[in-house]
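For the protein sequence lines, the chains are A and B, in the order given.
In terms of my numbering, the first sequence opens at residue 1 and continues consecutively.
In terms of my numbering, the second sequence opens at residue 324 and continues consecutively.
To be clear, the hints were calculated from the coordinates, so they are not data collected in a lab.
Mixed in with the good hints there might be a few duds.
Pulled from the structure, derived: some chain B residues nowhere near chain A, Cβ distances all over 10 Å [what the hints assert, rightly or not]:
| id | residue |
| --- | --- |
| 1 | Gly331 |
| 2 | Ala339 |
| 3 | Asp439 |
| 4 | Phe516 |
Not the full set, but computed from the structure, chain A residues with beta-carbon under 7 Å of chain B [to be verified]:
| id | residue |
| --- | --- |
| 5 | Phe148 |
| 6 | Ile155 |
| 7 | Ile283 |
The beta-carbon is built from N, C-alpha and C at its ideal position, and this holds for glycine as well.
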Amino acid sequence: MPYRSFILRKFFTLVLTLFIITLVNFVLFRLLPGDPIMLLFRDPRLTPEQIDYLYHKFGLDKPLWEQFFIYLWNLLRGEWGISFAYKKPIMEILIPRITNSLILVIPATVLSILLGVVTGVVAAWKRGGLTDALVSFVSLGLYSLPTFWLGGIFIFLSINYWRLPVGGMLNYGVDHSNPLAYLGDLFTHITLPLATLTLVSYGSFTLTVRGALLDVLSEDYIRTAVAKGLSSWRVLSRHALPNAMLPTVSLTAVSLGTAVTGSVLTETVFNWPGVGRLIFDAISNRDYPLLQAGFLVITISVLLANFLADIVYGLLDPRVKYR
Amino acid sequence: MKAGVVVGGLRSALNAVVSNRKSRVGLAVILAYVALAILAPFISPYSPYETDINSILQPPSPQHLFGTDDAGRDLFTENMYAISTSLIVGLFATLVTILVGTVVGLVSGYYSGVVDEVLMRVTDFLLIVPPVMLMIVVGSLLGSSLLNIILVIGLLNWSPIARVIRSMVLTVKEWPFVEASRSMGAGDRLIMFKHIFPIVAPVVFANSMLSVANAIFSHAALVFLGVGNINDISWGTILHFAYTSGSFTAGYWWYFTPPGLMLLGLVLGFMLLGVGLEEVYNPKLRSSISV
Numbered sequence: 001m002p003y004r005s006f007i008l009r010k011f012f013t014l015v016l017t018l019f020i021i022t023l024v025n026f027v028l029f030r031l032l033p034g035d036p037i038m039l040l041f042r043d044p045r046l047t048p049e050q051i052d053y054l055y056h057k058f059g060l061d062k063p064l065w066e067q068f069f070i071y072l073w074n075l076l077r078g079e080w081g082i083s084f085a086y087k088k089p090i091m092e093i094l095i096p097r098i099t100n101s102l103i104l105v106i107p108a109t110v111l112s113i114l115l116g117v118v119t120g121v122v123a124a125w126k127r128g129g130l131t132d133a134l135v136s137f138v139s140l141g142l143y144s145l146p147t148f149w150l151g152g153i154f155i156f157l158s159i160n161y162w163r164l165p166v167g168g169m170l171n172y173g174v175d176h177s178n179p180l181a182y183l184g185d186l187f188t189h190i191t192l193p194l195a196t197l198t199l200v201s202y203g204s205f206t207l208t209v210r211g212a213l214l215d216v217l218s219e220d221y222i223r224t225a226v227a228k229g230l231s232s233w234r235v236l237s238r239h240a241l242p243n244a245m246l247p248t249v250s251l252t253a254v255s256l257g258t259a260v261t262g263s264v265l266t267e268t269v270f271n272w273p274g275v276g277r278l279i280f281d282a283i284s285n286r287d288y289p290l291l292q293a294g295f296l297v298i299t300i301s302v303l304l305a306n307f308l309a310d311i312v313y314g315l316l317d318p319r320v321k322y323r
Numbered sequence: 324m325k326a327g328v329v330v331g332g333l334r335s336a337l338n339a340v341v342s343n344r345k346s347r348v349g350l351a352v353i354l355a356y357v358a359l360a361i362l363a364p365f366i367s368p369y370s371p372y373e374t375d376i377n378s379i380l381q382p383p384s385p386q387h388l389f390g391t392d393d394a395g396r397d398l399f400t401e402n403m404y405a406i407s408t409s410l411i412v413g414l415f416a417t418l419v420t421i422l423v424g425t426v427v428g429l430v431s432g433y434y435s436g437v438v439d440e441v442l443m444r445v446t447d448f449l450l451i452v453p454p455v456m457l458m459i460v461v462g463s464l465l466g467s468s469l470l471n472i473i474l475v476i477g478l479l480n481w482s483p484i485a486r487v488i489r490s491m492v493l494t495v496k497e498w499p500f501v502e503a504s505r506s507m508g509a510g511d512r513l514i515m516f517k518h519i520f521p522i523v524a525p526v527v528f529a530n531s532m533l534s535v536a537n538a539i540f541s542h543a544a545l546v547f548l549g550v551g552n553i554n555d556i557s558w559g560t561i562l563h564f565a566y567t568s569g570s571f572t573a574g575y576w577w578y579f580t581p582p583g584l585m586l587l588g589l590v591l592g593f594m595l596l597g598v599g600l601e602e603v604y605n606p607k608l609r610s611s612i613s614v
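Chain A on its own, in the form it takes in the complex (with noise of 0.2 Å):
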């Protein structure tokens, strides 16, 4: 039962994970200048009795450790607090933004990932050519772009000429009951935003993809393919890949966190309704409650995404899956 124990293991560091994540965002937050009721209340005319008794309506007279476990138990019960600025329960802000994010980072990251593994290969497998170098440079460049200025350029070049919707999810004020007028709706406002995360992360899954291949394709079994007179698709596709696609699959798992701040970028330059333009949007108000759910929100998202690659590198990789 390798492969079990293997998930087993992984899944705790993920438990761990978690945990130290959500004890950072509880200590961060109390380390904040200020004094959370009148951040919260923001009245300058409550009474020090008023004051008191809120401190003691929100547990805040009690010790530390004990408002961890609260915060952790209310973080589980999904009572995650209440925005200051929207005074309203964080939890029913929060649920229909994760949705709209999930619209927009999926098939981005699904398609530069796509994308990635294609050219990456081709690039290493032309290695030194033409088609290396113009690949690279290309990646690179992509890589090195600033995804809110490459979003505000498209904003600008839709404007002028391409006549795309550039901000938000739908257009308000008309009938969504046609659902074949509703995806359409949902794709003139999405291609902008898709387009600007999949380029951006593009670059990077390129990068990564050729670097795992041309270190695999330095190794003696494919000087040993080629002497043997295998055909070049064969080393590739039978000998090559294969061995690819293990530091492949954990260097993506790494460039996911990247992946996440591109989308912060692009929902907040395309007014995106999702987690990240929610943060921008906290972050502008100093709506602290806000922007911890949401900066919980996107690195518990990371984290699972790593334990699904975790699961999908147990798959692939032998040693854990025969032993």
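Dock chain B against chain A, hints included.
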């Protein structure tokens, strides 16, 4: 003796840079930026803070080469002064990154056991948690001085360097000369910094150039999002105001095009330098190997 070591190190680093085409191009780009940053006060006729409400959002003209922004500031001046902000952030944040990353990597690779386990858990944690997200939270809580932003970026980016160094140290510490040195009574610290560090130093150098690119990029993203001091002259600031004043939709192309291109160029310069150096120091990545 000490100076000789430094000069020797610099010379071999320079040889490495010059031997690869990518790193040569990268270095040339960076030097061009440095020159512009030094010349900024002499070639720009205005002050970067000087506003002129009689000439706001002017397109490029002989008086204002890059036009003016929504407060009537000269955009050419702003873009030129922004170079030094980015360079300062990139270099100082990377200094912090290298310091922490090298020490963690050396210590964790050299002493196995509990120390290694604890340090690697912290490294993994920072590797897995999206750094810019953590920077946003810490940055918006700590306050927005340039020093804070440099520290936040530097202290959250060291995990890749620590990982690379640790894996190298694991091999190097088994080499006979380390054994020999230890048998002659050398202490742990001497072995780590005198014997092992010089061997891993080239890799630290290559990685640190990538880390500069990363820091400059992160700083611009943070400032754009409103974390950080928007009174510092930087490309992130210009783009932040270009965005909030609606210049993308209004079509003031001279407002948002130069800062993006200049940011792209500088980040790309450091990326090319770093990637080129990686190819020099890791022969497996060299594209000239034939099968």
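| query | Taking the least C-beta to C-beta distance, is Ile155 (chain A) closer than 7 Å to chain B? | reply | For Ile155 (chain A), the interface hint holds, since the closest Cβ of chain B sits about 4 Å away, which is under 7 Å.
| task | Decide, holds or violated, for the assertion that all CB atoms of chain A are farther than 10 Å from the CB of Ala339 (chain B). | result | Ala339 (chain B) clear of chain A: closest Cβ-Cβ about 19 Å, beyond 10 Å.
| query | Far enough from chain A: is every CB of that chain over 10 Å from the CB of Phe516 (chain B)? | reply | 29 Å, holds
| task | Hold the hint about Phe148 (chain A) up to the distance rule: shortest CB distance to chain B must be less than 7 Å. | result | Because about 5 Å separates Phe148 (chain A) from the closest Cβ in chain B, which is inside the 7 Å limit, the hint holds.
| task | Confirm or reject the statement that Asp439 (chain B) sits farther than 10 Å, beta carbon to beta carbon, from all of chain A. | result | 16 Å, holds
| field | Consistency of the no-contact label for Gly331 (chain B), given chain A and a CB cut of 10 Å | value | Gly331 (chain B) clear of chain A: closest Cβ-Cβ about 30 Å, beyond 10 Å.
| field | Proposed interface contact between Ile283 (chain A) and chain B, which counts if any beta carbon pair is under 7 Å | value | 5 Å, holds
Violated hints for the displayed structure: none, as all numbered hints are satisfied.
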